[in-house]
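*Asks:* Sequence:
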Amino acid sequence: MNTPASPTPPPASSAPVRLLIVDDDPLVRAGLTLMLGGDQGIDIVGEGADGVEVEELVERLRPDVVLMDIRMPVMDGLTATERLRRRPDAPEVVVLTTFHADEQVLRAIRAGAAGFVLKDTPPARIVDSVRRVAAGDPVLSPAVTRQLMVRAAGGGRDDRADRAHRARRRFGQLAEREQEVAVAVGRGASNAEIAASLYLSVATVKTHVSRILAKLELNNRVQIALLVHDAGLLDTDDGGGSHLG
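If you read the sequence shown in this note's numbering, its first letter stands for residue 1, the second for the next number, and so on.
Just so you know, these hints were derived from the structure itself, not from any lab.
Predicted model, so just to flag it, every value in this text is computed and none were measured.
Among the clues, some could well be false.
Quick list of the computed label-pair ranges, beta carbon to beta carbon [what the hints assert, rightly or not]:
1. Arg60 <-> Ala135: 20 to 28 Å
2. Gly232 <-> Ala175: 37 to 45 Å
3. Gly172 <-> Ser210: 34 to 42 Å
4. Ser197 <-> Gly172: 42 to 50 Å
5. Pro26 <-> Ala175: 46 to 54 Å
6. Ala161 <-> Ala196: 32 to 40 Å
7. Tyr199 <-> Met75: 45 to 53 Å
8. Ala175 <-> Gly136: 16 to 24 Å
Just so you know, even glycine gets a beta-carbon here, dropped at the ideal spot from N, CA and C.
Using the sequences and the hints given, assemble the complete structure.
*Replies:* Written out as C-alpha cells, the structure reads:
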C-alpha cells in the first residue's frame, strides 16, 4: 500500500484557500471541519447542509473552493454544481463521493467540477486536493480518469457517432497549436511535459490551455480531456498514464 505524499505547504505570502463545506450529514461536516480547519493554508468560511443553500452561501461567503457532497435530500450536489458553475465568478468545486467512478461523478465533471475525493480519503490528501484545485489543477487519479473515459464512451453506436461529430466540430474551433496542446492534455500530460514535447515554454502552454478553455467554454483540463476523447483523438491502446490528478 502506497503512503500518500505529504502536501507541499503553501508559500508564506499566499492567502489561505477559502473553503465552503456542503454535506447533509452533520457528523461528516464536523469531521471535515476538524480535519481541514487545522491546516494553515485553508480557511473554512462556512458550512451548508443541502445543495439548495449553495448559491446564497457562495454569494455571501465568497469561497475559493466548495467541497460538495453528491447525495443530498432536497437538491443534490450535481444540480448544485451545475447551477453554481454557470456563475461568471464561480468557485471551484470538488465533489465528495463514496464511489471511485460512476455516472454521477462523470456528470459532475461535465458540469465543471474540478475533481472529486472519496469520503474515506486520508486527511492529508484531502488538504492537498483542496489546495491543488484552488491553484487550478484538477484532482483525478489516473485510474479514475481512465474509468471516466470508458463511461464517457458509453451508449449506442449512434450516440457515440453523434458525440464524436459534435466534439470534432468544437475541436475545429482551435488553432493548430491549440489542438496539439489539447490532445496532449487529453493524454494526461502535465504542462511541463507538453512544453518539452512541443518545444514551448511552460508559460506558453498555460496560455494555450487558457485559450482552449475560453474558446470551447470549458471549465478545466478534465473537460478538455473528455472532449478530445469524445472526438476520437486519443490512442486508447498506448498504455500511457495520466497526470490529470
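*Asks:* For every hint, state whether the structure bears it out.
*Replies:* Here is how each hint holds up against the structure:
Evaluation of the 20 to 28 Å hint for Arg60 and Ala135 yields a pass: the beta carbon distance comes to about 24 Å. For Gly232 and Ala175, the hinted distance range of 37 to 45 Å is not satisfied, since their beta carbons lie about 20 Å from each other. Roughly 19 Å separates the CB atoms of Gly172 and Ser210, a value that falls outside the hinted 34 to 42 Å. In this structure the supplied range 42 to 50 Å is violated for Ser197 paired with Gly172, their Cβ-Cβ distance being about 22 Å.
A hinted range of 46 to 54 Å for the beta carbons of Pro26 and Ala175 is consistent with their spacing of about 50 Å. The hinted range of 32 to 40 Å is satisfied by Ala161 and Ala196, whose Cβ atoms lie roughly 35 Å apart. Judged by the Cβ atoms, the range 45 to 53 Å given for Tyr199 and Met75 holds: they are separated by roughly 48 Å. Range check, Ala175 to Gly136: Cβ separation about 22 Å, and the 16 to 24 Å hint holds.
The structure does not agree with the numbered hints 2, 3, 4 stated previously, though it agrees with the rest.
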